[in-house]
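J.: Letter by letter, the chains look like this.
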Amino acid sequence: KNEVEQSPQNLTAQEGEFITINCSYSVGISALHWLQQHPGGGIVSLFMLSSGKKKHGRLIATINIQEKHSSLHITASHPRDSAVYICAVDYGGATNKLIFGTGTLLAVQP
Amino acid sequence: DAGITQSPRHKVTETGTPVTLRCHQTENHRYMYWYRQDPGHGLRLIHYSYGVKDTDKGEVSDGYSVSRSKTEDFLLTLESATSSQTSVYFCAIGSMANTGELFFGEGSRLTVL
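Protein chains in written order, with this note's numbering: chain U, 1 to 110; chain S, 1 to 113.
Derived from the structure by calculation, the hints contain no laboratory data. Glycine included, every Cβ here is placed at the ideal spot set by N, Cα and C. Treat the hints with care, since some could be wrong.
Unchecked claim - Here are the computed distance ranges between Cβ atoms for each label pair: (1) His41/S x Ala76/U: 29 to 37 Å; (2) Thr26/S x Pro79/U: 42 to 50 Å; (3) Pro79/U x Lys53/S: 44 to 52 Å.
Claimed, not checked - Stretch-level coverage of chain U by chain S, calculated; a stretch enters the list once three of its residues show a Cβ under 8 Å from a Cβ in chain S: (4) 31 to 42; (5) 98 to 110.
Claimed, not checked - Which residues of chain S face chain U? A partial, calculated answer using Cβ under 10 Å: (6) Tyr48; (7) Gly51; (8) Glu106.
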């Protein structure tokens with residue numbers, strides 16, 4: 001069982017809609033990453049956060065440490081936002097590795 | 001864009017043959033990682049390096065070895081490729097262990113027949 005759960009697995013939206021992708025994890029973490037992967041393409045880091053909220057353009061990432069939950073929001077979605085969005089967590093300690101979710105496939109239709 | 005390149009980008013090989021994938025960076029980052037990506041799984045760590053000649057295993061290291069003889073290059077070797085190692089392999093670099101931004105290569109698609 002993956003220690004990082006993302007929902008939904010698949011999401012279809014109309015251009016302009018507000019989108020939310022969720023990530024839940026099981027125990028305390030030291031950091032959480034949001035990544036974007038376009039079809040057939042590489043992976044791009046969007047955010048790294050350990051508390052609160054971060055914003056970059058139309059993307060907003062929030063994290064609730066007590067609830068062990070993070071959300072990625074996309075405002076005014078556009079077809080170019082179509083991609084897989086991946087959450088990854090660092091549980092800290094000596095393991096020095098990230099645990100990745102399986103991703104949310106987002107399709108934004110014009 | 002971070003200077004990170006992987007080679008080869010695509011490779012088809014036969015079971016039992018050795019394969020080496022190369023990750024090259026121009027950013028002088030300390031940490032380098034090899035991941036594999038398979039349908040239904042999140043990215044999984046194979047091996048990582050925290051400096052020249054300093055490497056350690058990840059969660060799916062069986063059948064793989066790595067070497068880092070200089071800061072800019074991190075090699076992943078499959079000594080005897082198996083069909084279960086058919087995957088897309090990603091290299092990543094970072095200045096800090098998981099607490100800073102990660103930069104990923106474009107991936108290397110390996111098919112083992």
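J.: Now, for every hint given, state plainly whether the structure supports it.
T.: Going through the hints against the structure:
Our hint of 29 to 37 Å for His41/S and Ala76/U holds, since their Cβ atoms are close to 32 Å apart. Checked against the hint of 42 to 50 Å, the C-beta distance between Thr26/S and Pro79/U comes to roughly 33 Å, which is inconsistent with it. For the hinted restraint 44 to 52 Å between Pro79/U and Lys53/S, the CB-CB distance of approximately 46 Å keeps it satisfied. Interface restraint, the region 31 to 42 of chain U with chain S: holds (5 residues with C-beta to C-beta distance below 8 Å; minimum three).
Taking a C-beta to C-beta cut-off of 8 Å, the region 98 to 110 of chain U contributes 6 residues in contact with chain S, enough for the three needed, and the coverage statement holds. Among the interface hints, the one on Tyr48/S holds; its C-beta lies about 7 Å from the nearest C-beta in chain U, closer than the 10 Å criterion. The beta carbon of Gly51/S comes no nearer than 12 Å to any beta carbon in chain U, farther than 10 Å, and the hint placing it at the interface is violated. Because the closest C-beta pair between Glu106/S and chain U is about 4 Å apart, less than 10 Å, the hint holds.
Violation of the numbered hints given earlier is confined to hints 2 and 7; the remaining hints are satisfied by the structure.
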